[in-house]
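Peer 1: Spelled out, the chains give:
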Amino acid sequence: MGNYPGSLKYTKDHEWARAEGSRYVIGITDHAQAELGEVVFVDLPEVGKQVTAGKPFGAAESTKAASDLFAPVTGKVVKANEALKADPSALNSDPYGAGWLVELEPTDGDTSHLMDADSYVKLLG
Amino acid sequence: MSRQTPLNAAHRKLGARMVDFAGWDMPVQYTSVIAEHEAVRTAAGLFDVSHMGEIEFHGPGALAAVNGLLTNDLSRCADGQALYAGLLNDEGGFVDDVVAYRFSAERILVCVNASNREKDFAWMTARARGCTPVDRSDEFAQLALQGPKAAAILQRLTPVQLSGVGTYRFTEGAVAGVDCIIARTGYTGEDGFELYCAPVRAEALWNALLAAGAANGLKPAGLGARDSLRTEMKYALYGNDIDDAHTPLEAGLGWIVKLDKQDFVGKAALERQKAAGVPRRLVGFELTGAGIARHGYPVLKDGQRVGEVTSGTLGPSVKKAIGIGYVPAAHSAEGSTFDVEIRGRPVAARVVKTPFWKRG
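So the protein lines, in turn, are chains A and B. Be aware that the first sequence starts at 1, since it is given in our numbering, and climbs by one per residue. Be aware that the second sequence starts at 126, since it is given in our numbering, and climbs by one per residue.
Hint data in this document are derived by calculation from the structure and do not stem from the laboratory. Virtual Cβ for every residue (Gly too), placed ideally from N, Cα, C. Hints may be right or wrong, so weigh each one.
Derived, one-sided and incomplete: chain B residues facing chain A with beta-carbon distance under 7 angstroms [to be verified]:
{"#": "1", "residue": "I159"}
{"#": "2", "residue": "G349"}
{"#": "3", "residue": "S353"}
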């Protein structure tokens, strides 16, 4: 089934976003990590990079394939989870905690496309 | 609707994640690609490879007919020997890469890639001289038991003395009471066996092997591990590393080409290419920058696209980002450097000696 905390917002691309003040911390969902299999490499954007909602901003890679990571909101990268470079296994073991990807400062306030946990679970079917 | 092997229900019972591969519903992993990969390197893994095709040549002209299709020389093999070879088009490109099992000069079984079964059979039928091939793929399931513990596990289930079956040799015998072709072949770089049996007996054989090997750390292994294992050995995967536009000379498979044997389809093209010089070569490389190379990524030299990646992964045993790709012959020597374009950025790579993985 998977674990989808009610405190987070979700996208159809299987990312989550957690509001922290004006910013959002971004990660992948439990469903996404299970689908990827063991993540062996994460490609994250540099701090300062502009990302666009719904567009790829990086990639998570298993032994099998590279999967794009999609930005839940439009904004600027203010932090990237550097610890994942050396050991990306937190993406699988703790996708909502130590497996966070980046922190974004939104430059476009529109978050109407984000879903709550119930809607996301429904999307998963 | 994907085709199913006779082990489909067994895979689902084990909780495998199933994917479509070459039109077949196949297990990509049971629990973890990396754990399954490591089981094969350190103990043993069991793969369902029943999707592979088997085409038989039977009759007085069998040897000459098969040898007229293959790049390698089956006439130099003994009965009971298996041979890796290319099946080429007239331009010297790969129709497929195959393993031919020589039961006798009058009976040869050719194991072909699942994705190429129909194409190969049509090609063989059109081009074979003196013997008509028969597609017997539906009469065989195939299990691959691979790893350093494979022989010990298999020996418990068969009266056949496995010490008498050398690498790329095969015999026939019962395994757990199931009649099998027992071949000491594989696609992982480890010692191991490929077992061909009747589809109706496949699940009994599968279960007997898993039970016999449990104490040795045998794990069912999926296509994910099969791919990472073969990539660490730089074994070519048809459709990824070799195809109808690339010759064995370009693919670094000159050792399976015997230009001094009887005529075979594609021979003239290979002779021409050899005389003119091979323009590009399939090399093994390591990324020295951060990233993982993948099939289809461009190879760049001084910012210009000069080749392409055909396979790449993070090798679970070598613990490095490794790749295989075609580069111009001038940049193919060990130590040569180039870039791989990953999501729009150049990442440095260096040609290394292969296989990438070697038992320490």
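Peer 1: Against this structure, judge whether each hint is valid.
Peer 2: To see whether the hints hold, each was checked on the structure:
For B/I159, the shortest C-beta to C-beta distance to chain A is roughly 5 angstroms, which falls under 7 angstroms, so the interface hint holds. Interface hint at B/G349: satisfied, since its Cβ lies 5 angstroms from the closest Cβ of chain A, which is below the 7 angstroms cut-off. Against a cut-off of 7 angstroms between C-beta atoms, the interface hint on B/S353 holds, since the closest Cβ of chain A lies about 5 angstroms away.
Figure legend: structure checked against the earlier numbered hints; every hint is met.
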